[in-house]
Every structure is written in C-alpha cells, then in structure tokens.
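Visitor: Sequence:
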Amino acid sequence: AHPHILPICAFGMQPGYLYLVTAFVKEASLGQFLKQNTRFTPQQLLPVFKQLAACLDFAHSQGTVHGMLSLSNVVVSNGLNVRIAGFGLRTMLEIHGNAQNARPQAHLTSGNGTFLGHPAYISPERVLGQPADARSDIYGLGVMLFELLGGTQPFRGKDPLDTALQRLQQPVPSIHEVCSEVPEAFDLVLRNMLERDPARRTRYAGESASAFERIVKTLHLAQLAPATSVEQSTLN
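Residue numbers (the working numbering): 1 to 236.
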C-alpha cells in the first residue's frame, strides 16, 4: 500500500489462467499523456519523477521489484499525480510463458514468440537472462525519464528483440543531442540510471531524483542571476 501504487485487490488462478484484480481507473496512462503533450520540461517532470522515485524506493525496501516499468504502466490523474500499476505482471507473464527451448533469447518471449514485457524499457541484465532486481527498475525508470524529456526512447530497433538487444550493443545516446532544449547537465543523471553494468548503476531512485532536483534548482538560479544583476544596475 502506497499513495503512488495502484492497489492490487486480489490474484489467483481460474482454470488454466492467472488473474490479477486491481483498482478500476479511468485516467490515462503516462504514455497517453505524453502523446497529447509531446514532452516534459525538466521543471514539469521533477514532481512526477519524485513521486515515481518515492514509490519505487518504498517497494524495493519491501523486497518487491516491478520488473516491467513503462509509461503505459503509470496512471496519471489531474495535477500530475501518478500511480504505478502492474506490480506482479512480470511474475504472471513469466509463469505463463515458461517454456524453455533452444531458441535464442528464449527467456524474453513466450512459447508463441510474443515478447514478455516492454522491449524499450527492459534492462541489459534481463536481456542476458539474469534475474530482475531493484536496479532493473532503476534502468526502466531511466528510460521513462529519457522518453518524457526527449519525446523519444533511447533505443528503437526494427522489432522488439532488436530494440532489446541494442542496449547491449550501443551506448546510451545523449539526451541533449536528442533534444537540444534539454540542458546537457541532465545527461549525467540519465547515464547513471542507464548504466549497462548494474553494479555501476544508481542504487536508489531517490538518489537520482535528488540529483535531478539539484540540477533544476541550479539552472533556475542561473537564469535568475542575470536578471537580478540588471535590476541592481538599474537601481544604482
């Protein structure tokens, strides 16, 4: 139970099918919101980032990992209040698609070849078949922030598997180069969250949110400084 987690009411199995019951919502997903608004400025994104970070740090402190973070799994209401949905879906999909065979990257797809989850947000270690942990969620959150700021995902392949593999083959693009309106200072935060090696990745979502907030405040003060100097000169 957390203010920024969509409540799970029940779960179980009916003949051959797993089910998960959550609170009913009519609000749009963060992905739908982004399509309507193109992209976020760092100032607009900060309160959303802080909510998501607080939610993930709480879940991780309880030993719970989402493992399938994406913009479509975040519900957004008026005033940009967000709630993460989909806790438990990764486990259900893995159980449903648990068919081991000789296909390459078989752990990423179900028996009929459907990709399990969201290839744009999957962490490098998950692509390699390693277990998801809190650092996998940090990576997924980093992809979400990149998309919200730049209006596009950092890796986009010709198909889901190609998209997933690109994070093992290509460096993380610069958010400033993708969208010049985003100050270069935010690249460091995103690169720490999107570090290919989970051992070198940011450990807590709150750490990244705090670093992001410091940059926003520093840039805001830098913008105010010239205006203040002009006002003082006028007064003198």
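Read the hints as simulated data drawn from the structure, not as lab findings.
A portion of the hints provided could be inaccurate.
Pairwise CB distance ranges (calculated) [said to hold, decoys possible]:
{"id": "1", "residue 1": "Ser72", "residue 2": "Gln130", "range": "18 to 26 Å"}
{"id": "2", "residue 1": "Ala28", "residue 2": "Pro7", "range": "26 to 34 Å"}
{"id": "3", "residue 1": "Gly63", "residue 2": "Thr38", "range": "34 to 42 Å"}
Calculated pairs, DSSO-like style, for lysine-lysine (alpha carbon to alpha carbon, straight line, at most 30 Å) [stated by the list, open to error]:
{"id": "4", "residue 1": "Lys217", "residue 2": "Lys26"}
{"id": "5", "residue 1": "Lys50", "residue 2": "Lys26"}
{"id": "6", "residue 1": "Lys35", "residue 2": "Lys217"}
Ideal Cβ placement from N, Cα and C applies to all residues, glycine included.
Visitor: Are the hints correct? Go through all of them and say.
Guide: Against the structure, the hints come out as follows:
no.	hint	result
1	Ser72 x Gln130: 18 to 26 Å	24 Å, holds
2	Ala28 x Pro7: 26 to 34 Å	18 Å, violated
3	Gly63 x Thr38: 34 to 42 Å	37 Å, holds
4	Lys217 x Lys26	34 Å, violated
5	Lys50 x Lys26	23 Å, holds
6	Lys35 x Lys217	27 Å, holds
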